[in-house]
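Taken in order, these protein sequences are the chains called A and B. Heads up: the first sequence at position 45 corresponds to 45 in the working numbering, and the numbers run straight through without jumps. Heads up: the second sequence at position 365 corresponds to 365 in the working numbering, and the numbers run straight through without jumps.
Treat the hints as calculated values from the structure; they're not laboratory data. Glycine included, every Cβ here is placed at the ideal spot set by N, Cα and C. Some hints could be false.
[Stated by the list, open to error] Just so you have them, the derived chain A footprint on chain B, three or more residues with Cβ under 8 Å: (1) 2-9; (2) 222-233.
[To be verified] What follows is a set of in silico ranges between Cβ atoms, one per label pair, in the way DEER data are often shown: (3) A:67 with B:2: 50 to 60 Å; (4) A:218 with B:389: 50 to 60 Å; (5) B:120 with A:55: 50 to 60 Å; (6) A:39 with B:263: 52 to 62 Å; (7) B:381 with A:67: 23 to 33 Å; (8) A:168 with B:298: 17 to 27 Å; (9) A:13 with B:381: 19 to 29 Å; (10) B:29 with A:164: 20 to 30 Å; (11) B:382 with A:220: 31 to 41 Å; (12) B:389 with A:39: 17 to 27 Å; (13) A:74 with B:29: 24 to 34 Å; (14) B:381 with A:58: 44 to 54 Å; (15) B:337 with A:17: 36 to 46 Å.
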Amino acid sequence: MQNIIEVKHLTKKYKEQKAVDDLSLEVEEGTILGLLGPNGSGKTTTINCILSLLNYQKGTIKILGQQMTPKSYDLKKEIGVVFQEVAVFDELNVYDNIDFFCGLYIKEKNKRKQYVEEAIRFVGLENYQKYLPKKLSGGLLRRLNIACGIVHKPKIIFFDEPTVAVDPQSRNNILDGIKKLKDQGATIIYTTHYMEEVEILCDQIIILDQGKILASGTSDELKTYAKIEEKISVEIYEFANNLLEQIKKLKNVESVEYQNHLLKVLYKKGKNNLMELINFLKQEKVSYHKIFSERPTLNDVFLELTGKELRD
Amino acid sequence: MFYHNFSYNLKIITKNRALLFWTFAFPLILGTLFFMAFKDIEKNEKLDKIRIAIIETDSWQKDFFLKEAWQSLSDVNQKDSVFHITYETEQTAKQLLKENQIEAYILYENEPEIFIKENGVESTIIKYTVEEISIQYQMNQQIIMSQIKNQESNLELSKIIEETERKIKEFEHQNQANIMDNSSKNMSYTMIEYYSLIAMTCLYGGIIAMVSMNQILANMSQKGKRISISSTKKSTLILINIASSFLLETIGLLLLFAYTILFLKIDYGPKFFYIIVLSFFGIIGGLSLGIFVSSVCKTNENTKTGIILSLSMFGSFLSGMMGITMKYIVDKNIPLLNQINPINMITDGLYALYYYEDMTRYYQNLISIILFSLILISISITMLRRQTYDSI
């Protein structure tokens, strides 16, 4: 598969502060690349540089093999963007908003009409076509925002934190929609600080912090950065703290802690750890309630790499 | 594509209630308030005869031309004339001025000197008339003498005098309109308020241009970001916005004219075409101001609206909307302020049309507003040509 986007050594400074620091990335055709990082890590700045909205000090940006500049109107035809903030006209109804943005790309009236109707169906706004944006709920408004960004059927779509402050149901709708766009052949760049979303959606993930790439790869590849391989949590109401030392001596245990009636045991490797822990608790006559066993998350990877949580 | 975006732009602007109020409704409301406030004053404030005295100095007595010129302006000869002239000694004139029996007296020695008690409409008219007579006096003196010389170099002295008198009469006949109260038919003391209102409406139109332009600038709005990354050229987008803003501003102004003429029965006089021409360029001035504020000021839309409203209101105030005295005070003490005040450029141009036959002042103001527009548009284009930003 060919690379749709190639960014090399991108550096963007705001005065003396580096917002993006020597960032390079490639996005293959038909894949979803996730840019994961906390607020202020440089995700949106990177996208704005790729879109030629922001100037930058160093680096090259190629889209579909061509240098991306503000006047690359042919390239811009192939790009759609869904911003974090809803960018629609309050004065226009749902249909007119989508038609307006479609009109910036598509000249032919009939083709435009067809595209608008398809976009409305895609986001499920068929029953709200005559509604003004202020009459729509937050979730529906987000759907309208997405429709305006994808109505011209772009090959490359940027989603910049589209699920921020969205209810769970709408969030699932948005994520399903993004999967559908990928299935239809679009290449997607998705920024978020929600690790679960990139795990569900993305083929490739880049973890960013302070404008730098900390790690990149598939979700599984990234998890190898974490020291631990399994995390077991046990709900216990009565627990003697002297048992902590004994648990720490069990096979593969990296660390152990007991807080708020929850015993957390982290393992370096992961085989039969759960059985051994249950046996130990039975042996010590500790009564337990719920038990969870988890694989390490991207948050653990981020914690490992930066010493802080993703949402700090 | 042009029509598609143009029609949506019109739709967006015409559904913005705040914008419609400031650009369409507010001038009509203000016009109505002026009408209600001034209709009675109008009746009482028909411009009275301006009472002046001319000092009978030797220079005056000997100057046939000056005597003829002033006599032709006196209400003794012309009922429509604005001047009631008496001929006094300097001492008597001083006394009359002190007792408010006259508005001014004129002393002709080497140069004409005007003595007034206070600034106002009357003093401006007197000053203008004296200057006008002096200019034409000098011009015609040269013309007459050269014509006489060219015609017959051997004329007798009596014939020269005779010929001079004939030329002066001819000149007076031709130029009488210049120094007469030629606008008496439409003379209205409160017209200046309506002129300011027209000028203010032109500038208020700038809000439309500003709002419209904000929508396509990536550093000003989220919609601007989305539009900026589209495949439509920025120059096309700017052109569409300017065209739709201009159309709406023109409609707003025509609405004001229609309303004031048809409902308030305002008589704009026989030079209505020139009023329309100056207003047309006033709209362009307003448009330029809107684009300038939009492209230069990095602040939110409400603040930008506030900037345009404040500039327009303040400019209107300085150019006499709340009372003509303010215009005279500024013109006299800080003339530069009114020279760079776009509202005053329009108001003064219309004022000149109304009060003077001579079009020089009108064209000066017309050129000023065109220059004002060109300067603002040049700066704005420099800003708008930027395709990328340091931060958004």
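Taking the hints in turn, this is what the structure says about them:
no. : hint                         : result
1   : 2-9                          : holds (count 3)
2   : 222-233                      : holds (count 11)
3   : A:67 with B:2: 50 to 60 Å    : violated, 29 Å
4   : A:218 with B:389: 50 to 60 Å : violated, 35 Å
5   : B:120 with A:55: 50 to 60 Å  : holds, 58 Å
6   : A:39 with B:263: 52 to 62 Å  : holds, 58 Å
7   : B:381 with A:67: 23 to 33 Å  : holds, 26 Å
8   : A:168 with B:298: 17 to 27 Å : violated, 37 Å
9   : A:13 with B:381: 19 to 29 Å  : holds, 28 Å
10  : B:29 with A:164: 20 to 30 Å  : violated, 43 Å
11  : B:382 with A:220: 31 to 41 Å : violated, 52 Å
12  : B:389 with A:39: 17 to 27 Å  : holds, 21 Å
13  : A:74 with B:29: 24 to 34 Å   : violated, 50 Å
14  : B:381 with A:58: 44 to 54 Å  : violated, 29 Å
15  : B:337 with A:17: 36 to 46 Å  : holds, 43 Å
In summary, the structure is inconsistent with hints 3, 4, 8, 10, 11, 13, 14 from the numbered list given earlier, while agreeing with the others.
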